[in-house]
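Colleague: Sequence:
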Amino acid sequence: MKAEEPKRRRPASSRLTPYFRVFLEAAFLACLGLTTIAYGSVGVVPTGLATASFAAVTIASLAFPITAPRVRSVYGVAAFVGAVLWAWAYLQTWPVGNRSLFANRAWVMLNETLGGDRGFISVAPGVTWESLPALALPFLCFLSALRLFQGDEGAIRLWRALALFGLGLAVFGLFQELAFPDRLLFEPKKYYIGSLTATFINRNTAGTFFGLALVINVSVAMHYLKGVRLRALARRTLEGDFSVHGPERKALLYAAFCVAVATALFRTQSRGGVGATFIGVALQFTISAMRPLTADQSNPEAPRGSYVRRLVAGVLVLAAVFAMLAERSIYRMEDENGSGARLCVYQSILGALHDQLPWGAGFGAFEDTYRMYRLPECGGIAATWDRAHNVYLEGLLGFGAIFALAFSVGLATLTVTLIRGARMRHRLRHIPVGGIAGLALVMTHSLVDFSLQIPGFAVYFAAAMAAAATVSSAR
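All the letters of the sequence shown, read from the start, carry residue numbers 1 to 475 under our numbering.
Be careful, since some hints might not be right.
Ranges of calculated distance between the beta carbons of each label pair, as one might list FRET restraints [as the list claims (entries may be wrong)]: (1) 179 x 426: 41 to 51 Å; (2) 253 x 55: 29 to 39 Å; (3) 193 x 292: 42 to 52 Å; (4) 419 x 64: 22 to 32 Å; (5) 227 x 419: 20 to 30 Å; (6) 232 x 350: 54 to 64 Å; (7) 188 x 118: 42 to 52 Å; (8) 187 x 259: 22 to 32 Å; (9) 180 x 19: 39 to 49 Å; (10) 286 x 117: 53 to 63 Å.
Calculated cross-link-like contacts (lysine to aspartate or glutamate; reagent style EDC-like; alpha-carbon spacing at most 16 Å) [stated by the list, open to error]: (11) 226 x 248; (12) 189 x 177; (13) 190 x 177.
Hint data in this document are derived by calculation from the structure and do not stem from the laboratory. Think of the CB as a built atom: it goes at the ideal place given N, C-alpha and C, for glycine as much as any other residue.
Given the sequences, and given the hints that come with them, work out the whole structure.
Modeller: As C-alpha cells, this is what we get:
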C-alpha cells in the first residue's frame, strides 16, 4: 500500500498576505476619511500627520507588486512627476548664494540693502519647507491606491467606498446645517454661515468634493441602469405594480444617493463648484449615451440624428434641473465683485511670472510673493490673498517652468489612460467615464479656485483617479 504523501503547507508569509492586504486597504480608507473629516487637514500639523500616515501605507503597499503592465506605467509616471516636483521644491529651500543664477531677486535686493550673501530660490524657504508634506500627500495616496486596489475587483471596492463616503459626508452636512447651522464639527462656524460646508472650512472646497462625489454616485447608478428595462418598469408602475427587482432596486437606491449628494452640492452655494459639476455630469452623460443606457431594445430603424436629438434634449433637461436647484448659486454669480477681484489678482500674478520664471518663487510661498506684485486696485491695503484661486497660475509661480512640464506629462498620461478605458471597457465602462467627468470637473474648477490644494479633497480626488486608471488599464 502506497503511503500517503503529506499535504504541502503554504508558507506563513503567503497565508498572511490576504489578511495584510485587507488590513492595509482598511488603513488606507481610514487615513482618507480622517484626512477629509479633520477640517480638510488644513494646517501644518494635520497635513503632516496625514502625510506620515499615507507614507506608512505606501511603504507597506510595496509588498504587493503591480501585475498589470499599463498600471505599472501609470504608477511610474505618477512617481516620476511627484518626485520631480517634490525634489525641486526641496531644492528651492537650499541656500544658493547671493550671486547665484538661481537666487531669487528678492534676496538679491535684500542683500544689497542690508548686506549679506545668503540667497535662495524660494522667496520664503521656511514656508516652502513646511509645504513639502502637502505636496507629497496626494501622490502617496495615488501610488498606494494603485498597489492596494489592483484589478477590477479592487478598483470596484475603492470606487464604491468613495461613493458611500461622499454620500455619508453629504448626509452629515445636511443634518449639521439643519440642526446646528452655526457649528463646524466641534467648533463655532466663523466663515460661510448659511452655506453648507460639511467638514470643510471653505464652501468652494465642499462644492468640489460633493461635485466629484455626485459624479461617482451617478456612474454607479448608470451601471445598474444598464440592467433595467425602463419600458417594462414604467408599464408595471402604471398598472399599479410598484415592486422592483435586482438591478432596478440598486439603480433606484443609487439614484436616491445622487439626490442626497446633489442637495448637499447645491446647498454649498459654490458658484464654481456647481458650474464645474454641471460640466462634468454633462460630459459624463454625453459619453455614456454613446452606448445603450438601459436594457431596452434599441430601434434599428431610428434615424441617424436621433442620438444627437436625445443628447441635446438630455443636456437641456440637465441644465434646467441645475438651474432650478442651484438658484442661490446663480444669484451669487450675478455678484461680480468676487470675479473682478480674481481677475485683478490674475493680472498681478502675470506680472510676477515675468520676474519669477523660470525657477519659480517657491512652492507654498504665494502669499509672500503676491504682496510684492499686487496691483493697487486689487482690494486695497486690507485685502489679503493667501492663494491664487487658480491652481495653474499658482503652480507656475511657485515651481516655475518645471511645473508646466511635469503637470502636462501627468495630465496627458491620466487623460489618455481614461479615454482608452472609456473606449475599451464594457461592463465596467462607467468607472473610466466617471473618471473623465471627475477629471474635467476638478480641472475646470481649478481655473477659479484652490480646492485641489486642500489635502482633504486632494486625497479623495487622487483615490478616485487611481480607481479609474486601474479599470482603464485592464485588458
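Colleague: Would you mind marking each hint as holding or not holding in the structure?
Modeller: These are the hints, each one checked on the structure:
Roughly 45 Å separates the CB atoms of residue 179 and residue 426, a value that falls within the hinted 41 to 51 Å. In this structure the supplied range 29 to 39 Å holds for residue 253 paired with residue 55, their Cβ-Cβ distance being about 37 Å. A beta carbon spacing of about 46 Å between residue 193 and residue 292 agrees with the range 42 to 52 Å that was offered as a hint. The hinted range of 22 to 32 Å is satisfied by residue 419 and residue 64, whose Cβ atoms lie roughly 27 Å apart.
Judged by the Cβ atoms, the range 20 to 30 Å given for residue 227 and residue 419 holds: they are separated by roughly 25 Å. Range check, residue 232 to residue 350: Cβ separation about 58 Å, and the 54 to 64 Å hint holds. At about 43 Å, the beta-carbon gap between residue 188 and residue 118 stays in the expected band of 42 to 52 Å. Our hint of 22 to 32 Å for residue 187 and residue 259 holds, since their Cβ atoms are close to 29 Å apart.
About 40 Å separates the C-beta atoms of residue 180 and residue 19, a value consistent with the hinted range of 39 to 49 Å. The hinted window of 53 to 63 Å between residue 286 and residue 117 holds, with their beta carbons roughly 59 Å apart. Straight-line distance between C-alpha atoms of residue 226 and residue 248 comes to about 10 Å, which keeps the hinted pair within the 16 Å bound. Proposed proximity of residue 189 and residue 177 is supported: the alpha carbons are some 11 Å apart, at most 16 Å.
Pair hint residue 190 plus residue 177 holds up; C-alpha atoms about 14 Å apart against a cutoff of 16 Å.
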